[in-house]
Structure formats: C-alpha cells, structure tokens
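Trainee: Using the sequences and the hints given, assemble the complete structure.
Listed in order, the protein sequences are those of chains A and B. Its first residue numbered 1, the first sequence is counted upward by one per residue in the working numbering. Its first residue numbered 314, the second sequence is counted upward by one per residue in the working numbering.
Do not rely on the hints blindly, as some may be mistaken.
In silico negatives: residues of chain B with every beta carbon more than 10 Å from chain A [what the hints assert, rightly or not]: (1) I438; (2) A540; (3) G585.
With beta-carbon atoms standing in for the labels, derived distance ranges [claimed, not checked]: (4) B:Q403 - A:V30: 30 to 38 Å; (5) A:N44 - B:V541: 20 to 28 Å; (6) A:V47 - B:D526: 47 to 55 Å.
Reference listing, derived: stretches of chain A covered by chain B, where coverage requires no fewer than 3 residues with Cβ under 8 Å from a Cβ of chain B [unchecked claim]: (7) 33-47; (8) 55-64; (9) 81-87.
The set of hints was computed from the structure by calculation and includes no laboratory data. Predicted, not measured: the structure shown is a model, and the values here were computed from it. We put the beta carbon where it would ideally sit given N, CA and C, even for glycine.
One-letter residues, chain by chain:
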Amino acid sequence: MRDAFVGVLTDLAPQHPEVIFLSGDLGFGVLNNFIARFPRQFLNVGVAEQNMSGLAAGLALEGHTVFTYSIGNFPTLRCLEQIRNDICYHNANVKIVCIGGGMSYGQVGMSHHATEDLAILRSLPGMLVLSPGDLWEAAEASRYLLTHRGPAYLRIDKSAAPQTFRDGEIFQPGIIRTVREGSDVTLAATGGILGEALLAADTLAGRGVYCRVLSVHTVKPLDTETLVAAASTTAGIISIEEHAVNGGLGGAIAEALMEAGVFPGFFVRMGLRNTFSSVVGTQRYLRKVYSLDAASITETVATKLGITLEVLS
Amino acid sequence: MIKEITNGTHSLAKRIRLHALRMTSLGGAAHVGAIFSCADILAVLYGGVLNVDPAAPESSDRDRFVLSKGHAGGGLYAALAERGFFPIEQLSTHYQDGSELSGHVSHQLPGVDVSTGALGHGLSIAAGMALAGRLRNAEHRIFCLMSDGECDEGSTWEAILFAAHHGLSNLVVIVDYNRIQGIAPISEVIELEPFADKWRAFGWAVLEVDGHDHEALECALSSIPFAVGKPSCLIAHTTKGKGVSFMEGTVLWHYRIPKGAEFDAALAELEGQG
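Mentor: In structure tokens form, the structure reads like this:
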C-alpha cells in the first residue's frame, strides 16, 4: 500500500506543484525516486513530528497541499495537539499519512502499532479519515487526496486484501464498497484486514453461509446508508478492524445505526479489547493471537448464527 | 523617520494597555500582566514595522504575524482595532457570550493570521509560512512573538533547529522576555540563561533590546535579517505588567483580574502617562 501511495504521488506531483511532501525522517529507499525527481516538493524535516505538523499548517495556510508522512503514531498521536489546533481548527490543507496502520509493524513492537488512531482522528472536526483495504483503494484514496481540500488522514496498512476492483469501478470517497455480495451476515472491515474478512466469507460460503463483505475505506464521513441497508437485510453486522474496539470502525458504526434508529439482529465489534498488542510476531501471527484472523471471524459468525462448523482453517 | 513612528507608537501602546485593562476587567479575563509586557512590542509592530493593510487583511504580500503567546490575544485585538482592522467598539465584546474575541487569539478576526493558545505551536507555523514565502521568492517577512515560558516546550526547540538549518532569513522571532511565567519566576521553574547564547548556538542571529524602548525595538526591527542567511531573534527584555506600578514584575498579575479599586488605580496610572 505504501508503494501504491508513493507511486501515485510520484506520478501526479508534476501536475500538482502546490504539493509539498514532508517526511519525519522516514521512507528510507522508498521515497528516493520522488526526492530525485521533485526536490523542491520534498523535505525531510527530521525526527520532529510536532514541528512537522505545525510547518504543514503554515505551508498550507500559504496555499500548499501538504503531506506529512511517518510511521503509525508519530505523525498522529505524537503531535495530536498540532493536528487539532493548527491543522484542523484552521481547516488547513494537510494530509496526514501514517504508514504501518494497525499491527503492520508486527515484531517491531507496540510503539509502532497504530491501534487508537482511527478513534482519535475521527473525533477531530473537519478531518477526513481514509483507511483503504486493498492496493486499488490505496492508490485511489491517494489520488483523491491531491484534489481534496482540508485536513485528511490516510492510514496505510502493510497488508492488503487481494484486489477487489471491478472493471469500470470508480472510487467514491465516503461510500462503502460492497466487495462481496451476501444476504446472511455483514462483515464490515477497514484496512488490510479486509483480506481476513474475505477469507472468512470464502470459508463460510463453503458451509452455505453467505456474507456480505463491506470495505469501509472511509471511516469518516461514514456511509450510514449502506450500513442501514446491511442492518436491515442481513442477520447482523460484525465490524472488523486492526484497532481498539473503542471508538474505531465498530464504534462509528454503532453510533451511526443507533442514531438512524436501526438495530441489526446482532452486532459484534472485532478488534483489540482494552489491550496493547504486546505479543511479538508478524502481523499475520498477531491477528491470530488477538482473534482477528479469518478463522476467528468465521467462528464469530458461526457462534452468532448458532451453527456448528467443522474444522476451521 | 524612527522618531516619527515612535511618537505614534507610544500613544498606541498606551491605548493597547487601556483597552486591555478594560477588556480583562469587563470580561473577567486573566493575562493582563502578559499583555502589558508586550504592549510596546505590539505597538511598534502595528505602528509601523509590519507591512499590513486593514483594507486588505489577506493581501499575499503582507507581513505575517503569529502571536505564539496567544494568551496576550487582548493586546493583539487592541492593536488591530486601533489600526482599523475591526471597530474599536468590538473590543468590549471580548470574553462575552457570543463574541468572536476569545481570550486566546482567534483567526476568526480580520488581521489575525493564526489562532494560538497552546504554547509552543506558533514558531512551527511561522516557519512553515517562512518556507512557503521563500519557495516563491516573496519579500514579505514572518514575525512570531513568543513568550519566554513557551521556551520550556520541546516543540519550540524543534522549530528553532529547523529554521536555522534552512536559513529562514525571512523569519523573525521576538521573545517577550519578562522572566515570569504562569505561576512562578523563570529562575525558579526552568532557567533559560544563557538565553541569547542558546539561540546563537542554535544558529540564529540574535539582538537584545529593552522591550519597552520603542526606538530600540524599531531600530532592531528595521534591519531584518540581523545576519545574512539566518533567522533573526530579538530578545526583548521586558517587565511583566509594565505600565502599572503594582503589577510590574509580579507573578500575581499573570492571572489576576483587575477589578474595583485595583482597576481604578491601574486606569488612573495608565491615563496619567504621556
């Protein structure tokens, strides 16, 4: 996903001379091409995320479209007050890009896991929150940010679901993509963990349970209409995110449905429950440890439907 | 030329202090001491140094001004109103329900480039503006007025490092160095000395002046940058609460609200000044 983002920016930078790319001393190797081709549009501002965010606000107030780029919590939580006061309050045209969404940086440890970012950033007024699930969504979301005005957050995951793009499809920010049709249960995922939801849906289809799989690439603003339809036409909704269950995708869906007065038959938030991801392991391994892998999703669906499945892979 | 401006700025400084006294008293607002501390600096800036035009507050070639010590917002509002950016009568709405004049400075007002209030933010924003100015070879300058207390903030030093590394010579910091922060003197909290040497060691060109001496302020600010290729730092030695004898140099008047007999005494003292 990171390469998809950098690729789009590199392709389109010549058409957007107003773009300035600020890195918090990260991107070793992957940004070389961009830096070589557009030295006037790139700046490594050092390991100083508060300053990076304030600089971004200042540049944006002068007419630039500014991308800030770093890992996980560094361009987000570390400098949250700068994002809130300097970027959002001024409606500054700053795009905050976090690489390593969720537990992408598995073995590196919890300092590098972004597992509260969606909840925190979506609470900020005016902030657009994008969390693509596959490479096409990542590229399209990146492309969209070049013309979007105002503060935005792009959460880049190391993992990506297999391509879900259909011929002729147009990326619509703010509109949930139904990447798999089904009328039994709704699986609503955000980020690369969409791939686990699709695997679970495959397994369940083999047992006669048909899941509707939604890719919620835009966590804010949330597409209430699609969720209301899912609540009304399937037995229940399961939200799936590599993130704390508090206030993230699951929280957002719950808020939207409650306010719409629509109640799904059942509702489960799959994510981290009041815990830091302290176990050492790959992203794939950690999903298993924290019951977020395809098998856990399959099991959750089966439990909610009251059916028994044989061996789950 | 300098004499002509400073005659006007003394009068402007007096009016800023009088407005600030009335605004903080009426609204029950803190920070009158912090406003008085920088009233002369604001008067010199808005009395002639800054290239700003109330008829075109967003003109692209204007000088930018970031009040990083946002708690002195009342002082900036007063200066802007006196310069004609909005009606002087609007100052009486400061701190009142439904007002646009929040205690900490707000960019909802014409002439205010940036909202601040959380300390340690302003210099980074100003540095971003300076970088943008340089990218388009613009000639305007970016002024950032900081408190000494906010030099406790690590983010301030991130910005200081950045501005020097990039030689942002269109960036000017003025530090209102009154040596008293929120609830105690700087010497008891986090000593900043040797303050000027710290800025110099970080790559800035530094001048020091009496922050209440208009001629000295005007003179220093007429030679920007202080050194070719470097950002400029003017350390303005000031007295917190300057202008009202019983407020001067006290911690108390960072937060105390001028009311009753204290308000009357302060008003009389300020009105009696030349």
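Trainee: Please go over all the hints and tell whether each is borne out by the structure.
Mentor: How the hints compare with the structure:
Look at B:I438: its CB is around 4 Å from the nearest CB on chain A, not clear of 10 Å, so calling it non-interface is violated. With a least CB separation of 22 Å from chain A, B:A540 remains clear of the 10 Å interface cut-off, as annotated. Distance to chain A confirms B:G585 as a non-interface residue, since its nearest Cβ pair spans about 40 Å, more than 10 Å. Separation of B:Q403 from A:V30 is about 51 Å and departs from the stated range, judged on CB atoms against 30 to 38 Å.
Judged by the Cβ atoms, the range 20 to 28 Å given for A:N44 and B:V541 holds: they are separated by roughly 25 Å. As the Cβ distance of A:V47 to B:D526 is approximately 40 Å, the hint placing it in 47 to 55 Å is violated. For the region 33-47 of chain A, the stated coverage by chain B is satisfied: 4 residues place a CB nearer than 8 Å to a CB of that chain, which reaches the threshold of 3. Coverage of the region 55-64 of chain A by chain B holds in this model, with 10 residues showing a Cβ closer than 8 Å to a Cβ of that chain against a need of three.
Here the region 81-87 of chain A counts 4 residues with a CB under 8 Å from a CB of chain B, which clears the bar of 3, and the coverage holds.
When held up to the earlier numbered hints, the structure conflicts with 1, 4 and 6 and fits the remainder.
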